[in-house]
Amino acid sequence: MKRKIGFKTLGCRLNQFETDALASRFTRMGYEVVDNSKDTDVFVVNTCTVTNQSDQKSRYVVNHALTHGHIGMLIITGCMANHHKDQLEQRYPNAYVVDNQQKSAIPQLVEAHFKKEIVPSNQSQGGVFSYAPAAETFHTRSMVKIQDGCDNFCTFCIIPKVRGRAVSRPPQAILENIKQVLDYGYKEVVITGVNISRYNYEGLSFSALLRQILAIDRDFRLRISSIEPDSFDDDFFELMKHPKLMPHLHLCLQSASESILLKMRRMYTYKLYKTMVEKLRKLNPLFNITTDLIVGFPGETEDDFQASLKAVGDLQLGHVHTFKYSKREDTRAARMSDTMPEPLKTQRSELVRAAALKAKIAYRRQFIGIKQTVLIDTLNAVYAKGYSEYYIPVKIKQSVPKNTLLKVHIYGLETEGNDPCLLGEISA
Amino acid sequence: MQKEVPVANKIKTDLHEILQIRHLTDSTFVLRIERKGLTFQAGQHVCVGPPNGIHTREYSIYSAEQDDYLEILVKEVENGLVSPSLKKLKSGGFVVVEEPVGYFTINKALPKNQKYVFIASGTGISPFHSFVLSTPGLNYTLLHGVRHGDEAYDADAYEAGRYVLCTSRDDSGNYKGRVTQYLKKHPFGTDVHYYLCGNCNMIHDVYDILEEQGVSTDNIHAEVYF
Ligand SMILES: Cc1cc2nc3c(=O)[nH]c(=O)nc-3n(C[C@H](O)[C@H](O)[C@H](O)COP(=O)(O)OP(=O)(O)OC[C@H]3O[C@@H](n4cnc5c(N)ncnc54)[C@H](O)[C@@H]3O)c2cc1C
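Sequences listed follow chains P and A, in order. Just so we're aligned, residue 1 is where the first sequence starts under the numbering used here, counting upward by one. Just so we're aligned, residue 1 is where the second sequence starts under the numbering used here, counting upward by one.
Please keep in mind that the hints were generated in silico from the structure rather than gathered at the bench. Fair warning: this is a prediction, and the values are worked out from it, not measured in the lab. We treat Cβ as the ideally placed atom computed from N, Cα and C, and that holds for glycine. Don't take every hint at face value.
As the list claims (entries may be wrong) - Using C-beta positions, here's what the derived DEER-type ranges look like:
hint, chain 1, residue 1, chain 2, residue 2, range
1, P, 116, A, 187, 15 to 21 Å
2, A, 189, P, 90, 52 to 58 Å
3, A, 37, P, 172, 24 to 30 Å
4, A, 154, P, 342, 42 to 48 Å
5, A, 51, P, 172, 27 to 33 Å
6, A, 108, P, 86, 31 to 37 Å
7, P, 343, A, 52, 38 to 44 Å
8, P, 36, A, 12, 53 to 59 Å
9, A, 201, P, 212, 39 to 45 Å
10, A, 108, P, 176, 40 to 46 Å
11, A, 52, P, 337, 25 to 31 Å
12, A, 189, P, 341, 44 to 50 Å
13, P, 337, A, 187, 32 to 38 Å
14, P, 36, A, 84, 36 to 42 Å
Kindly produce the complete structure, drawing on both the sequences and the hints.
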């Protein structure tokens with residue numbers, strides 16, 4: 001079914017022009033465009049703030065939508081968003097308040113919202129670092145956010161525009177948050193953020209923060225979520241030996257071609273990436289490295305692509321998220337000319353997927369005959385399932401309560417599917 | 001837990017008055033604008049755009065950390081969207097400026113007498129201008145690759161002997177040829193920190209040359225413009 005977007009415009013002709021331009025972009029993206037908020041998935045209010053009266057009118061439109069049952073995404077943009085951002089965010093905590101300068105990025109913001117890549121920065125109290133403890137739902141793994149925003153300006157990425165500047169959460173709040181979730185009974189904590197390796201709170205680096213987290217005198221497993229391979233110090237590798245820190249990193253590579261990495265404005269070279277992987281595997285030969293790869297970036301030659309394809313096997317990657325490059329308006333890459341035809345992108349992504357599955361199976365097979373500690377997170381009539389310290393799914397044909405940490409002897413690997421589980425039995 | 005925390009998703013933008021426009025060539029100019037208290041480290045960039053539009057582009061800061069204004073060095077790109085409209089602006093007018101960001105900065109933990117080699121193509125010289133003006137006594141050599149000698153933007157800002165102009169289309173520079181050819185012939189060693197800025201083809205080739213010369217990637221820092 002078509003998504004529906006509503007626009008309400010106040011004030012000047014420029015606003016109207018910009019709304020029209022946005023509306024036609026959304027039409028091209030396959031949205032149904034209407035001029036009110038009724039039954040819409042997204043409602044955009046393009047505000048004006050020339051006079052007090054226009055402020056009032058703008059507020060009225062937003063309130064009217066909300067009191068008439070609008071529950072979809074709400075975007076407040078235009079001049080009032082520039083002048084009264086704080087007030088608006090406080091008053092409408094579920095709205096995205098977008099300044100005029102970012103207005104043209106609204107289509108990307110909407111896409112990112114529906115892909116669940118972002119939430120309003122001010123959703124619930126506590127700003128971007130808010131954390132709603134999920135005591136009742138009782139998952140086994142708790143995410144703790146340490147950082148938001150990104151200043152890297154990769155050419156394909158809209159995040160700096162929609163997420164804003166990098167900000168780091170004070171260490172005290174992070175440590176308290178972790179203790180709190182451990183009190184709830186979580187056994188595993190995952191630290192997350194948009195670009196966590198750039199964590200820097202008044203000079204305290206990511207490694208220094210990690211050291212403080214690992215020093216919390218409690219029994220838990222710590223994971224690092226997706227991370228950019230661009231600012232690791234020696235201390236980081238030293239900490240990787242810590243028994244609480246799980247031997248898995250999702251280290252975003254994007255391409256193994258040096259020239260494509262430069263065009264993407266990534267902050268590392270493939271050579272540097274390889275050195276990091278070597279260092280990690282020297283600490284632990286089974287260290288799980290998973291990654292993201294983009295295929296079909298503008299200007300990606302056959303040689304560039306082959307470099308990425310080869311890296312999958314060379315680096316013995318445990319898992320690869322493959323993305324076909326897709327243009328995001330208002331990014332630098334969107335202005336690049338030598339784009340790849342869609343069928344070629346599809347073909348390349350299929351090749352990477354096949355190579356990645358082969359590498360994944362080879363990587364996982366190494367665990368057969370080895371004991372793993374598994375945190376059970378799923379239980380059904382047939383099996384219990386959870387993740388090993390290496391973040392590999394393990395199935396056990398025994399009934400075990402969720403949130404139990406178990407020593408499991410691995411005796412095999414499933415032979416079907418794209419994400420074959422290790423097979424294990426509880427070990428004495 | 002209830003401590004106030006900074007909120008992302010707030011890109012601070014402001015209108016800055018244009019104080020001066022200095023044309024260096026037909027296509028390249030220095031835009032001097034009000035600083036309005038913005039703090040930055042040499043090597044960082046700002047996003048700048050015309051006051052009436054919704055588009056901005058990244059520009060390295062050209063001026064020094066201690067100057068009471070901000071400057072950017074802009075080359076008008078033919079058929080570009082933002083640079084031609086910046087060129088049309090006049091002093092007394094305004095530009096939209098986002099707060100400075102970026103990691104292409106000098107590591108302050110390195111020794112004071114650390115040797116640096118800065119390699120620029122075209123307007124990629126901008127962050128180096130800011131490095132040099134912000135840090136008196138910096139031990140550097142600057143290789144500047146351009147087509148013609150008239151693109152030696154503000155060459156007299158650099159100490160004699162530290163600026164090497166490499167001209168690929170005429171012989172008015174200190175060296176006739178590309179910066180890459182110069183670098184091949186004149187290696188600077190492995191204990192130097194190399195900063196590369198400009199177009200990605202130049203940066204790619206310089207990486208290869210430095211690798212051949214045994215330079216560790218830890219000592220190479222790059223800022224890609226396009
Ligand atoms: C971190 C960073 C710092 C930058 N600093 C500067 C700076 O100090 N001075 C400066 O002049 N530019 C700088 N740029 C480039 C600048 O952001 C714009 O890309 C440039 O001004 C062109 O913008 P435009 O809207 O006019 O052209 P667009 O419409 O964006 O682009 C048109 C085409 O021109 C190409 N192009 C972009 N820049 C150049 C260039 N300098 N020479 C030739 N072709 C180009 C692009 O590849 C594109 O295909 C920087 C870029 C980045 C990422």
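Violating hint indices (sorted, rising): 1, 5, 8 and 10
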